[in-house]
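Those protein sequences? They're chains U and G, same order as listed. Following this note's numbering, the numbering of the first sequence begins with -12 at its first residue and continues without gaps. Following this note's numbering, the numbering of the second sequence begins with 11 at its first residue and continues without gaps.
The hints are simulated quantities; they were obtained by calculation from the structure and are not laboratory data. Hints are all accurate, no fakes.
One side only, chain G facing chain U, incomplete, derived with CB under 10 Å: (1) ALA321; (2) GLY442; (3) LEU452; (4) ALA455; (5) ALA456.
The beta-carbon is built from N, C-alpha and C at its ideal position, and this holds for glycine as well.
Each chain, written out:
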Amino acid sequence: VTAKKRRRRRPATTRAETVSIETDDATEIDEETVEDDGVVDHPPVPGILSALRIGLVAVTTTPLLLAIPFLFVFLLWTILVLLGLQVPPSGLVDAMGIPPISTVFDFGVAQAIFGYAPSSLFLAFVIAVARAVVLAILAGITIDVLEGSRPSMYGVLRGIRAIPTVVAVNFLIITATVFGTQLFVLLGPGLSLLGSLAVLIGGLYFLVFAPASAVREAKGIQESIRRSGRAARLRFPGGSHLIMVMVYFLVGLPLLLFAAGRVPGGSDATANPSVAVWALVLVATFVHVVFLAAFFARFIGIEPEIPDKPVRRARPARGAQPPARRR
Amino acid sequence: VFPTSLRFRHALALFATLPVFLAGGVVAAGAAEGTPPAIVWSQFQGGPAHTGSVSSITSAQPPYTRAWTFREPDSDQGFAAPVIVGDVAVALGSKAVYGVDLSSGQQAWRVARTGGPITEPAVGTAGGTTLIVYVDGGSNQEPSKLVAIDAATQKQLWSFSLGASSVSGVSVDGSLAFVGDTQGVLYAVDVSKGTQEWTFKGTGRIEAPPAIADGLVYVGSRELQQGNATIRALDESTGTQMWMFAQQQLASGSAITVSDGRAIAGFTDRLARAFDAATGSGEWTALMSNALSPRSAPAAATGAVYLADLAGTVERVSADSGFRTWSYRFNAVRSLPIPYLDFWSSPVLTGTSVLIGLGDGRLGAISTATGHLQWEGDTGPGALGGIALGNGIVIVAKQGVNGGLIGFRHNASGTLLDEPSPTELDAGQLLGRFAVAFVVVLGAAALAGFLIRPRDSTDDEPIGAES
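Bound-form chain U, shown alone (with noise of 0.2 Å):
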């Protein structure tokens, strides 16, 4: 049965056979789509390359997972203009990017219109709550479609759902990047400037699988978050989750800023970005969700082996051979 043929047999609302289960403090903590049998069917982790087709499919399908974060992003640049923002409009390259790419965004223009002042801090975290918002409904849009539905009222329900999680890993993340700058100020440049890169990679690395953990079983904010880092640290096939984050973060940190600076006028502070800026930027943003589509492809894939508690590692007994490397 393809994917076309199940979208048009069952849509959203008559969705198939699917368990919620109560808990004792009456949460709903998960959902799974279980065979008729009983037997729970997970699909293979996707590789990182069928994960980015995945997404790229999902989204390129599905207009409504473009229009709204295109629709964010000019929406955030008008009102961010308006309150006296003068900055190049390269940057926007980033403002729909997955927490903390966006919050390298979000910092910049909000020290742009007040300078060092808290005032900037809490505009990045107000910046960082609009766009957890969209991030969240996009997740439930997305996991729907992943899912092989159409996006559904329900779809962005369950992304209305997970809007708290979506906000504290943007709390996180924040206060991680403001503590750790002070804090690796006092290493030196050389060192700051890596430990700066360290607190955005790891965030990447251990909080981008939260929205999707929260759309899909809405175990609550810690939990979600919990999840999400037991999920990172499992051992994917087709290339590890390090990586698939390296490439996200390479793609767009700098990839995508270097060639918005290339854009003619791309580098000129203007209220008004041409045609051709706004044209990268849209392809930016585009970018940023096909990524977005990708990592929940891998979670979906791997959520059945994500333990429900902690997994510590036992030392080896002193003496004991070492476990051989798996191949």
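Using the hints, position chain G against chain U.
Positioned in the frame of chain U, the structure of chain G alone reads:
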């Protein structure tokens, strides 16, 4: 009886014309000795307070046309901000001091110097003589000298040795010339004799001409290692410190301007700060788009302060509150390595326009009332430096391989522009451009989706759904 003989009449006529001949002889003698030329634009930003305007001249208004260009003949570094004395513009190059005729743009005179940093000269008077005071030497961190020459004859009048190299430029107020060195020492030198009146040892490097107003000398310095920026106010006659502002991690401050009882400077944290000139208490801050150069000073007029930052943004803020009235962005950021040292131009005021030279070689005129661009001229590659205003002429220093002086006069047949800053929101333009890009990118993505979506039935299982 009145004598009427012919001999007597001749004698009487000769006697009557004698005063006329005598008067003519005195005038001729005066001309031969050299009447002191009038001081028009005496130093960096026009005067000791650095306000960027002089009320005694009738400056040229935009639109402009280039009247002449004087290329620096001896090197490829260009000039520091010129001064204007009589009908000559005086500028310091790396190899010499040049006098350039304002009407023709031709070299009027040249005085060789031994090299050293290119800094701003100043003009003063002593005993009826107009002097040009400038810094000579100081290459390779060797000590510089303060030198005074007669503006009329270009003869050296005196020389004063400093303790270290100087990059600050010179300021003159009354009988004293002020110059700082890279060891943080400020020197007050008697312009008539070339003798030291007092010195003040501060911290860091002094990198801009001190400002002087109401008996106080304002000097800024920066400490390279610690990253501290400091402003001090010293008593003009004794060198006693009256107040000080110091803040860590500001890296550096701009040159200082004093107007309406406020000392104003910009810093690398993007804040322009106004201090009570007498007490040093902070009055207001204004956030700029970028840092301000240590070689640039704000311009000030009654009720308004004009600032130019390293991103080519010119802003008008209220002199009372620091509140931004308007902002115009030129988008002329200089490239690395040290952009803030490259951007040397300071805004100057001519009538209802504020002029600014840009790092990419453009000269711009902005309406002081609206903040809209009135005129813009491109002088080609090479940053524009300091600007001096003369009667009916604007002189701009140009740096780099095409360095020299450029004279601009009013162009009666030119037209004035009325262009808002590109950073002003144009709702129609913004929406229209976004809409075009939105349709194009979304359409391209939809087309790509149509082409790449799976059509076979075996390998497109949805993720996380049942088989």
